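J.: If you want the building blocks of each chain, they are given just below.
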Amino acid sequence: MKCLVTGGNVRVLGKAAHSLSRIGDELYLEPMENGLSLRTVNASRSAFACFLFAPLFFQRYQAARPPQAQPPRCKVLMKSFLSVFRSLAALEKTVERCCIALSPESSRLVIQLHCKHGVTKTYNLAFQECESLQAIFDPAQCPHLLRAPARVLVEAVAPFSPALSEVTLGVSRGRRVVFRSYLEEDTDAAKAMMTEMSLSEEEFQQLRAQEGAAITFCLKEFRGLLSFAESANLPLNIHFDVPGRPAIFTIEDSLLDGHFVLATLSEPDLCSQEPCRPGQGAHSTAHLDDFASDDIDSYMIAVETTVCEGAMAAPRTPSPLSEEEEAEPNVVPGTPPLKKFRSLFFGSVLAPTEPPCEPNPVLAEDSEGEG
Amino acid sequence: MPLSTQDEDGNDQYILVASLDNVRNLSNILKAIHFRDHAACFATTNGIKVTVENAKCLQANAFIQAGIFQEFIVQEESVTFRINLTVLLDCLTIFGSTPLPGTSTALRMCYRGYGYPLTLFLEEGGVVTVCKINTQEPEDTLDFDFCSTNVINKIILQSEGLREAFAELDMTSEVLQITMSPEKPYFRLSTFGNSGSSHLDYPKDSDLMEAFHCNQTQTNRYKISLLKPSTKALALSCKVSIRTDNRGFLSLQYMIKNEDGQICFVEYYCCPDEDVSDSEP
Numbered sequence: 001m002k003c004l005v006t007g008g009n010v011r012v013l014g015k016a017a018h019s020l021s022r023i024g025d026e027l028y029l030e031p032m033e034n035g036l037s038l039r040t041v042n043a044s045r046s047a048f049a050c051f052l053f054a055p056l057f058f059q060r061y062q063a064a065r066p067p068q069a070q071p072p073r074c075k076v077l078m079k080s081f082l083s084v085f086r087s088l089a090a091l092e093k094t095v096e097r098c099c100i101a102l103s104p105e106s107s108r109l110v111i112q113l114h115c116k117h118g119v120t121k122t123y124n125l126a127f128q129e130c131e132s133l134q135a136i137f138d139p140a141q142c143p144h145l146l147r148a149p150a151r152v153l154v155e156a157v158a159p160f161s162p163a164l165s166e167v168t169l170g171v172s173r174g175r176r177v178v179f180r181s182y183l184e185e186d187t188d189a190a191k192a193m194m195t196e197m198s199l200s201e202e203e204f205q206q207l208r209a210q211e212g213a214a215i216t217f218c219l220k221e222f223r224g225l226l227s228f229a230e231s232a233n234l235p236l237n238i239h240f241d242v243p244g245r246p247a248i249f250t251i252e253d254s255l256l257d258g259h260f261v262l263a264t265l266s267e268p269d270l271c272s273q274e275p276c277r278p279g280q281g282a283h284s285t286a287h288l289d290d291f292a293s294d295d296i297d298s299y300m301i302a303v304e305t306t307v308c309e310g311a312m313a314a315p316r317t318p319s320p321l322s323e324e325e326e327a328e329p330n331v332v333p334g335t336p337p338l339k340k341f342r343s344l345f346f347g348s349v350l351a352p353t354e355p356p357c358e359p360n361p362v363l364a365e366d367s368e369g370e371g
Numbered sequence: 001m002p003l004s005t006q007d008e009d010g011n012d013q014y015i016l017v018a019s020l021d022n023v024r025n026l027s028n029i030l031k032a033i034h035f036r037d038h039a040a041c042f043a044t045t046n047g048i049k050v051t052v053e054n055a056k057c058l059q060a061n062a063f064i065q066a067g068i069f070q071e072f073i074v075q076e077e078s079v080t081f082r083i084n085l086t087v088l089l090d091c092l093t094i095f096g097s098t099p100l101p102g103t104s105t106a107l108r109m110c111y112r113g114y115g116y117p118l119t120l121f122l123e124e125g126g127v128v129t130v131c132k133i134n135t136q137e138p139e140d141t142l143d144f145d146f147c148s149t150n151v152i153n154k155i156i157l158q159s160e161g162l163r164e165a166f167a168e169l170d171m172t173s174e175v176l177q178i179t180m181s182p183e184k185p186y187f188r189l190s191t192f193g194n195s196g197s198s199h200l201d202y203p204k205d206s207d208l209m210e211a212f213h214c215n216q217t218q219t220n221r222y223k224i225s226l227l228k229p230s231t232k233a234l235a236l237s238c239k240v241s242i243r244t245d246n247r248g249f250l251s252l253q254y255m256i257k258n259e260d261g262q263i264c265f266v267e268y269y270c271c272p273d274e275d276v277s278d279s280e281p
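So the protein sequences, as listed, match chains W and H. 1 is the number of the first residue of the first sequence in the numbering used here; add one for each residue after it. 1 is the number of the first residue of the second sequence in the numbering used here; add one for each residue after it.
Keep in mind that the hints were calculated from the coordinates and are not lab data. In this text, all values refer to a predicted model and were calculated from it rather than measured experimentally. Heads up, the beta-carbon is just placed ideally off N, CA and C, and yes, glycines get one too. Fair warning: there could be bad hints in the mix.
What the hints assert, rightly or not - Just the calculated beta-carbon pair ranges, DEER-fashion:
| no. | chain 1 | residue 1 | chain 2 | residue 2 | range |
| --- | --- | --- | --- | --- | --- |
| 1 | H | Thr-119 | W | Gly-8 | 34 to 44 Å |
| 2 | W | Lys-93 | H | Thr-44 | 54 to 64 Å |
| 3 | W | Arg-65 | H | Ser-225 | 40 to 50 Å |
| 4 | H | Gly-96 | W | Arg-208 | 52 to 62 Å |
| 5 | W | Lys-116 | H | Gln-65 | 31 to 41 Å |
| 6 | H | Leu-100 | W | Ser-161 | 30 to 40 Å |
| 7 | H | Thr-86 | W | Ala-163 | 25 to 35 Å |
| 8 | W | Gln-128 | H | Asn-84 | 48 to 58 Å |
| 9 | H | Asp-207 | W | Ser-87 | 15 to 25 Å |
| 10 | W | Arg-65 | H | Lys-56 | 47 to 57 Å |
| 11 | W | Ser-231 | H | Asp-260 | 39 to 49 Å |
Please construct the entire structure, taking both the sequences and the accompanying hints into account.
T.: Written as structure tokens, this is what we have:
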């Protein structure tokens, strides 16, 4: 994989890294034919984020060199990736071009920043080859949708204390959209500060939700995507369902799109208003006052591409081993790695209860795109 | 001015007297070398040199020449004492380190001799503070024997070009590797940290490069923890001269313009890291 980013897009890329860093400690870099994807998931797997930069975003973009059938993919430490783009002000002021190169032969992800005055910064980042990180979600399945300019939402959450971890978003009477600070059950209401912001329906470009619908999610991750959307001047879509089901935040542009999937807090009283999905109800009521963090796991799946495209896997394994590959126990020839990853990543509880046609197209679609 | 009228006749008992209209011209320079508590002060009629050392491998010198002071009297050939730099800086900035615009703190500094404290009179807006700081037994400072005739490579850069680089140094790397060469990469700063290596290259024809005199390719490693404090000097300076001698010793000289447009120098010397193992690819 090789790509070249120029001008203001370097800052956009940097901003995306900053916003992803609010979520996970590892960054998954997946070059695909339809663009470069940056993904991350948080440690408790209650939040997943993904940016896809279209080939047109780049001055030059090559997912794989012709002899390589499949583009390499890797994960790097978020901290080390972020160190390249740490100062957004400097990126804007001094960096003219950014070149990112990843090849299976080299054991490093190479990021080069060409700055003013002829100065070149080269970062050789250690990476790990890895599976594709996938979350299975479908915004179209969510009955509720809010769409508003990022600026409106940024202003709406600005008054909330930075220490506040969760916020409740709901549609109240008169179709007003309300952001309210969420207090843990054990907090003393007399001491806590409650903040509530109420927005009129006119502020939204689209509001498709009935009164009473409400979800509670993490503010930090939300702010991360908001600040990206604001700098890119894009509207934000919020797709959501009943409490306990993940909320999907999306932004879209001709050059890039972003998806953040955040777990929402399940509340039994709200949950009972609508019929729960099979297999969902019992599980979510078990976590009354906690994130149904396990739930989102079941929406995520690691795609073992070496199995999906078995024919291609064979010539890859005997190729000169990089140190990462040696360190990775799952490339031992003859071991079927699929099971290990599935179980290691996600105990897929819910997947079988979904209509079987649903997860499969996602899997297929993705591997087609890479093939 | 209250300071100048103060014991005019008492000057004789002091072997060092120095007065300054704006104390920041002294305190800012001292901050550039403030990475250890203790400093050695060495005054001659030419001015004051303040030295701070670390781990017998690093030495920082701040030169405040006599011309910076409005009054500078040294009665003996040289005056030497050791002092707690942290305390000295606290006293010098006792009226605040960022004064209101248009105000400045005046200083009169007196030292009577061996065994006596260093006495500071600080005045701002008619308020006078007197500080007495105990001086300590002077200790020998390191002699790096860095001689300009042994210099192999020398580069003068605009500080602006190095500031970001030093601010973003990967501190998980144990060393900072400096390559200077008449060939490509000309001038390269490398770190080898947990997340991989990074190289910063400056071409010799860069606008930032004020002078480029490299005779032979040299690659040396310096403990990053020792060099990191020099960021303070870099932040204040407008130009920096980077030199290495035939032993790989490093000299960093920072040209610092004070608020009155006068020029002072701060210098860092550093020994190369002995353990030159095979470098990463």
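J.: If a hint holds in the structure, say so; if it does not, say that too.
T.: Cross-check of the supplied hints:
| no. | hint | result |
| --- | --- | --- |
| 1 | H:Thr-119 x W:Gly-8: 34 to 44 Å | violated (58 Å) |
| 2 | W:Lys-93 x H:Thr-44: 54 to 64 Å | violated (44 Å) |
| 3 | W:Arg-65 x H:Ser-225: 40 to 50 Å | holds (41 Å) |
| 4 | H:Gly-96 x W:Arg-208: 52 to 62 Å | holds (57 Å) |
| 5 | W:Lys-116 x H:Gln-65: 31 to 41 Å | holds (35 Å) |
| 6 | H:Leu-100 x W:Ser-161: 30 to 40 Å | holds (33 Å) |
| 7 | H:Thr-86 x W:Ala-163: 25 to 35 Å | holds (34 Å) |
| 8 | W:Gln-128 x H:Asn-84: 48 to 58 Å | holds (49 Å) |
| 9 | H:Asp-207 x W:Ser-87: 15 to 25 Å | holds (20 Å) |
| 10 | W:Arg-65 x H:Lys-56: 47 to 57 Å | holds (52 Å) |
| 11 | W:Ser-231 x H:Asp-260: 39 to 49 Å | holds (42 Å) |
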